[in-house]
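Given the structure of chain A, go ahead and fit chains B, C, D and E onto it with the hints provided.
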Amino acid sequence: MVIVDNAVYVAGRRTADPENLDETFEVMRARAGFAWIGLYRPGPDELDAVSKEFDLPPLAVEDALAGHQRAKIEKYGSSTFLALRPARYIDADERVEFGELHVFLGLDYVITVRHAESPDLAQVRKRLENDPALLAKGPLAVLYAVLDQIVDEYSPVINGLENDIDEIEDQLFNGDQEVSKRIYQLSREVMAFQRATHPLSDILETLRDALAEHDADTQLRDNLRDVHDHVLRIVERADSFRQLLQNALMVHTTLVGQDQNNEIKKISSWAAILFTPTLVGTIYGMNFEYMPELHWLLGYPFALALMLGLGFALYKIFKRRGWL
Amino acid sequence: MVIVDNAVYVAGRRTADPENLDETFEVMRARAGFAWIGLYRPGPDELDAVSKEFDLPPLAVEDALAGHQRAKIEKYGSSTFLALRPARYIDADERVEFGELHVFLGLDYVITVRHAESPDLAQVRKRLENDPALLAKGPLAVLYAVLDQIVDEYSPVINGLENDIDEIEDQLFNGDQEVSKRIYQLSREVMAFQRATHPLSDILETLRDALAEHDADTQLRDNLRDVHDHVLRIVERADSFRQLLQNALMVHTTLVGQDQNNEIKKISSWAAILFTPTLVGTIYGMNFEYMPELHWLLGYPFALALMLGLGFALYKIFKRRGWL
Amino acid sequence: MVIVDNAVYVAGRRTADPENLDETFEVMRARAGFAWIGLYRPGPDELDAVSKEFDLPPLAVEDALAGHQRAKIEKYGSSTFLALRPARYIDADERVEFGELHVFLGLDYVITVRHAESPDLAQVRKRLENDPALLAKGPLAVLYAVLDQIVDEYSPVINGLENDIDEIEDQLFNGDQEVSKRIYQLSREVMAFQRATHPLSDILETLRDALAEHDADTQLRDNLRDVHDHVLRIVERADSFRQLLQNALMVHTTLVGQDQNNEIKKISSWAAILFTPTLVGTIYGMNFEYMPELHWLLGYPFALALMLGLGFALYKIFKRRGWL
Amino acid sequence: MVIVDNAVYVAGRRTADPENLDETFEVMRARAGFAWIGLYRPGPDELDAVSKEFDLPPLAVEDALAGHQRAKIEKYGSSTFLALRPARYIDADERVEFGELHVFLGLDYVITVRHAESPDLAQVRKRLENDPALLAKGPLAVLYAVLDQIVDEYSPVINGLENDIDEIEDQLFNGDQEVSKRIYQLSREVMAFQRATHPLSDILETLRDALAEHDADTQLRDNLRDVHDHVLRIVERADSFRQLLQNALMVHTTLVGQDQNNEIKKISSWAAILFTPTLVGTIYGMNFEYMPELHWLLGYPFALALMLGLGFALYKIFKRRGWL
Amino acid sequence: MVIVDNAVYVAGRRTADPENLDETFEVMRARAGFAWIGLYRPGPDELDAVSKEFDLPPLAVEDALAGHQRAKIEKYGSSTFLALRPARYIDADERVEFGELHVFLGLDYVITVRHAESPDLAQVRKRLENDPALLAKGPLAVLYAVLDQIVDEYSPVINGLENDIDEIEDQLFNGDQEVSKRIYQLSREVMAFQRATHPLSDILETLRDALAEHDADTQLRDNLRDVHDHVLRIVERADSFRQLLQNALMVHTTLVGQDQNNEIKKISSWAAILFTPTLVGTIYGMNFEYMPELHWLLGYPFALALMLGLGFALYKIFKRRGWL
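So the protein lines, in turn, are chains A, B, C, D and E. Going by the working numbering, the first residue of the first sequence is number 1, and it counts up by one from there. Going by the working numbering, the first residue of the second sequence is number 1, and it counts up by one from there. Going by the working numbering, the first residue of the third sequence is number 1, and it counts up by one from there. Going by the working numbering, the first residue of the fourth sequence is number 1, and it counts up by one from there. Going by the working numbering, the first residue of the fifth sequence is number 1, and it counts up by one from there.
Mixed in with the good hints, there may be bad ones.
In this list, chains with the same sequence are indistinguishable; a pair is considered to hold if it fits within one copy or across any two.
Here are the simulated EDC-like cross-link-like pairs (lysine to aspartate or glutamate), alpha carbons at most 16 Å apart as the crow flies [as the list claims (entries may be wrong)]: (1) Lys75 - Asp55; (2) Lys75 - Asp226; (3) Lys72 - Asp229; (4) Lys126 - Asp222; (5) Lys72 - Glu236; (6) Lys75 - Asp148; (7) Lys75 - Asp217; (8) Lys72 - Asp226; (9) Lys75 - Glu293; (10) Lys75 - Asp229; (11) Lys72 - Glu62; (12) Lys181 - Asp170; (13) Lys181 - Glu167.
The hints are simulated quantities; they were obtained by calculation from the structure and are not laboratory data.
Next comes chain A alone, as it looks inside the complex (with noise of 0.2 Å):
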């Protein structure tokens, strides 16, 4: 199903939905109201219907349909396009999979072009057909309400990253072999989302201009400042991540020879305790003919109980100055 939802609004109600997108276009004019068209993964067909009874701007469909755009914002005359980076964490894979959103905004329309289950629009504009003083401020408002979403579904990827930073610091001091690669691949998703989440803070700028120039509507303005906030908070929470990361890297490689010290320490100490046996072994082996001990009833008794105790002195001492 391509579209999703298909409503005009008028003074912020919803009023009987066009039979298709051909009458929307009309209905949206005759009622003197705004049109909001939802579509999910439009082919380049579907999306040249909408782009021509919209008169939408060529180059922007041409970016809503190869995908992969970084997020922006771009004016065209009278209407604006954004490609928007909506993101989910995957936490079995401690991946952040990233979607992707494109607005078509105008004076009487809004047109959003989903590309994956992330953002969850239908509880967007159930909040906004819930909330008509806002839906009433027209195209603007749903544009907020959707950068809204997007921003409040970054909260969860970023407690699960902040998650994953605390499982590596346990395994970190720990000593887990496994933690360089997983600060690695950790390392790539956060950086990946820093660069999703990071040109939002400039459109959300740009959009806060645009409003102040044209002296819009305070409450938006407001609004939009308030999601602005949220971004900032998110990016310098990433920032951070990003920087614990690197600190975990560099105390990994210390760590890591302070390992070997100690290995080196408690290998050496084994190979002191197991050598000494063989010292006296060598000793009792030699041929010389006036050696007392040979001829001892217990001699070859003592020689092992001598082994022992020198082994077990050795372990004693190593015991105690912490090589052990």
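Quick look at chains B, C, D and E alone, frame taken from chain A:
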């Protein structure tokens, strides 16, 4: 107790306290003074009541309820909202604990919403009530005093962190193995502290610009510059802590490698000392028919002396070369 | 063949080709169109001829002859000179090969001087000749199309680099020793690519500003914004490659240390397993008069069994502790 | 002695000194000159007295009393307050010692408050009194001379630090183990020096801007530019020290690893040389019935010769391979 | 010879040379031309003489005498002072040698004060005298030509540094131990070169801005842009050298660790090969009454064969696993 204090000030002096919040508003208007209401962890209902009385901006109220804001300043029409991050140093855990303080500032009211023990607002109030000239400047004077208190309370944090860094340096050069973990964790605290204090500099700039624009009272502007200067000093110190800890981490990696070099030398020396007698023993364990020493009366003591002598000679040699 | 193509366009359509360069200028003026001359590795004389005909700025001509310019845009009176750095990825050597393309842009001419196979300007010309509406916009349309082609040709470079990074990650965690050399060399390539692409963003900004100032054609401006956006994405990717490779280098240092730890454990285990029989042998090589085992009928097999048994027991112990 | 000097200058020449501070103010007004009062570690009361006489800004006075300010410049109405950080290099400890100097600057007075031995203000006064043309320009001339002195006194610090870095480089490549501690500590000093000198560049810019605005005396402006230039050179040097020390730290890690490689080779070589005779001894310690060598008259010397020979051969081999 | 050349140019052509400096000034005024005086390491007296004649700014003269300036441009009324840092690459020491060149620029004079062999100003003069059109533009044309020469002389430095980096890369991957020292020292040279060249970009910007403001000759502006572009390329290359050397340092640390891993494997292999015969010898050195092999006629050769066989088998095993 949610409402910690609720007073109306006229010309810098406290007048008879209103009986409840409803009355505050009237009293304040009647007496042409300003109200300062101090709240402590208010619930949604309580904050709602105040909000209605003073017509606080809803988004700001939401932020105050949600908490976990980054330090920020936001203007809503004639009222201003600040989120601030007081900090306390918990020496026992070497942790920085962050509180949260929200300030609603209007033309004739200031509402402080505290979520943690710090900062000590009672003391701020006392200080101001003892300085009617300053308090007479209205809500901005209160804001200044609150900021001053918060920034003053950062000093012990900075001192605590510096103290830890001094200890870390001692540990570092005394070969304490735990130091890398401690460096990592302290870096984390410093980074959190940087995140909390860094935005304060922008907030103070915004406030100073606003005051400069309105050609406001010079004393207040000088006071804010003073606080600003203090913040800059703290931010600078925190930055230098980060760099010192980063350096300490790098030095530690090197020291661990150096330790290993020293240990390998020591262990090898002892291995050689232990091994030489074995060589002697092996030689006199050979079964040649004609080995004069084997038939000496003092052959055995001679061999033992040779063993000890060689071992001791090696010990001396290694000692002189600094390997032991 | 130095002159690859030499055409005069009027209203977006190719008119009868001039017979030689001398004629081009007259024809172009006569028909009120613009000339697009494509040169391939011209010598000083040939470039000089063109330069005289079109009054090209001498310093720019010098640059075009000297080569090895950084990407730049320079205005000389009414004419503009661009040095551009197309790139190709040579998969066999994991190397990025940089070409050089110089563009002289006047009000009624555009001269492209190519020094390498890439970019494929024949294709650019074909594309433009198939789009007369765009070509009718004059020399700037040609410049746009050339920039678009160059930036499009960066994409395979980015993909090639990303592919190498993926391979490097596999090598890294599979313990391939060659990986540090490869990381170093790929970093070098990425840095060269960054140097080549980075100035392009400024160039496009300069162009867009110039167009905005002259209130030029909206379509061209939107087109250039599109190219600009593409450049930004490429620059961003290249930046992230640098960071990933940097991280990979750090991780590699740690992994090398970890490998060593594991090997030392393994080697020490085998040393212990090998050494224990020697201890047994040494004991039964002692010359005590009273050593019952020496007289047992099965003393020798017993000793061998003891050797094997102890060795096997140690093997099991080390295996269980993960040292082997 | 708190008041080091207390003079009134008219047209660049020192007039009869006032008897005490109370008189200074009157004398200065009477003679239409300006006062220059030099204080050394004044207590609160003493500073208070001066402050009352010259109406100094209270917040600045507080700062001057509290000390531990970062270098800064602050305007209070017609008077200006500067906190400056002179520095001295203590060669014995390889430490940079920071003083503190506060300057109150009015239209007709300049008050210098010194808290450490440096800078040598007596010399500044002498220099100025010998240059009446300069001194006639008033308090700003004094400020310039003070700044000049402070910045000149930074040069020996820079030289001291550079000298230490040269020594560190020698230590580094001579394998001195103490070098990492020294690098760490010198980095710390360099960072403190950067913190002290860095703000001076902004202070000089502020001063130069203020002078440019008031279209002030060209000579003073040129003089301040000269000081500014000197500060920039010092800041640049200090930055390069930081980078050199950072590099030295990295190189040291590598050198420590390299040392270890060399030692392991050396130790292994000696182990092999020592072990070979043991193998020979073990062979001739076997109890086979038919071993011809055992019955040779010169069997024993032959074995010893074999031992020595093999050891010497190995020694030669390792020597040639550069392991010894 | 302090005065290298002393000429007056009118309309781009050299006129009869004045007999001495005193005359230069008059001649220059009389002929309405400009003077170009070339000095080489002048003493205070000589510079003083020139300074008096041309009324040079005293602070600039002081700087020219003191030397060790950073590259800078300073305007003093109608005259301008430049300190420039020419550089030469000394291949033998892999060192960059910095000279110093001071230029005093007035409306009708240019005085160049050289303190080192480079740059080759005689060549600059020859070039200009061969290009009267350029020289006719006056002192600024001389300045341009001097800057052009200095920047041209940076190219061999860049090439020398690049060549060293190529050699360092070879050393690095061939395991040359000296490479870390070389990297450190070359980094130091690169940093010094960056310090020398970096300010030149700002100087050229200042010059170009000044020319643009005065709507000066277009050719000179284009020429300076050309020099500026060259400087940018050099600065960019030097930056990339720094990064490459940094990377090389990191890679070296890893390679040293890897070398160690390989050596430990090799050494351990040989230890095992050497040790196995010892085990065999120890077994046949046991004193059991019933050991059939001891009584075999070929027992001894059998044991020797066993020793060699086991050693050879181990050698093969380690060889196959790549440890040898």
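Quiz item: At most 16 Å between C-alpha atoms: does Lys72 with Glu62 qualify within a copy, between copies, both, or neither?
Solution: Answer is within: at 14 Å inside a copy they meet the 16 Å cutoff, but 29 Å across does not.
Quiz item: Between copies, within a copy, both or neither: which fits Lys75 and Asp229 at Cα up to 16 Å?
Solution: The answer is between: 13 Å across copies meets 16 Å, while 23 Å in one copy does not.
Quiz item: 16 Å Cα cut-off: does Lys75 pair with Asp148 within a copy, between copies, both or neither?
Solution: neither (21 Å within a copy, 20 Å between copies)
Practice problem: Evaluate Lys75 and Asp226 at a C-alpha cut-off of 16 Å and name the case that applies: within, between, both or neither. | Solution: between (23 Å within a copy, 12 Å between copies)
Exercise. Check Lys75 against Glu293 for me: Cα-Cα at most 16 Å, and say if that holds within a copy, between copies, both or neither.
Key: Neither: 102 Å inside a chain and 96 Å across chains, both beyond 16 Å.
Quiz item: Given identical chains, is Lys72 near Glu236, meaning Cα to Cα at most 16 Å, within a copy, between copies, both, or neither?
Solution: between (20 Å within a copy, 13 Å between copies)
Quiz prompt | Alpha-carbon proximity context of Lys72 and Asp229, limit 16 Å | solution = between (18 Å within a copy, 9 Å between copies)
Quiz item: At most 16 Å between C-alpha atoms: does Lys126 with Asp222 qualify within a copy, between copies, both, or neither?
Solution: Neither: 21 Å inside a chain and 35 Å across chains, both beyond 16 Å.
Practice problem: At 16 Å max between alpha carbons, let me know whether Lys181 reaches Asp170 within a copy, between copies, both or neither. | Solution: Both ways: Lys181 and Asp170 sit 15 Å apart in one copy and 11 Å across, limit 16 Å.
Self-check item: Within, between, both or neither: Lys181, Glu167 at alpha-carbon 16 Å
Solution: both (13 Å within a copy, 15 Å between copies)
Quiz item: With identical chains treated as interchangeable, where does the CA-CA distance between Lys75 and Asp55 reach 16 Å or less: within a copy, between copies, both, or neither?
Solution: Cα proximity of Lys75 and Asp55: one copy only (14 Å, versus 37 Å across).
Quiz item: Is it within, between, both or neither when you check Lys75 against Asp217 at 16 Å Cα-Cα?
Solution: between (20 Å within a copy, 15 Å between copies)
Consistency note: the structure conflicts with the earlier hints numbered 4, 6 and 9.
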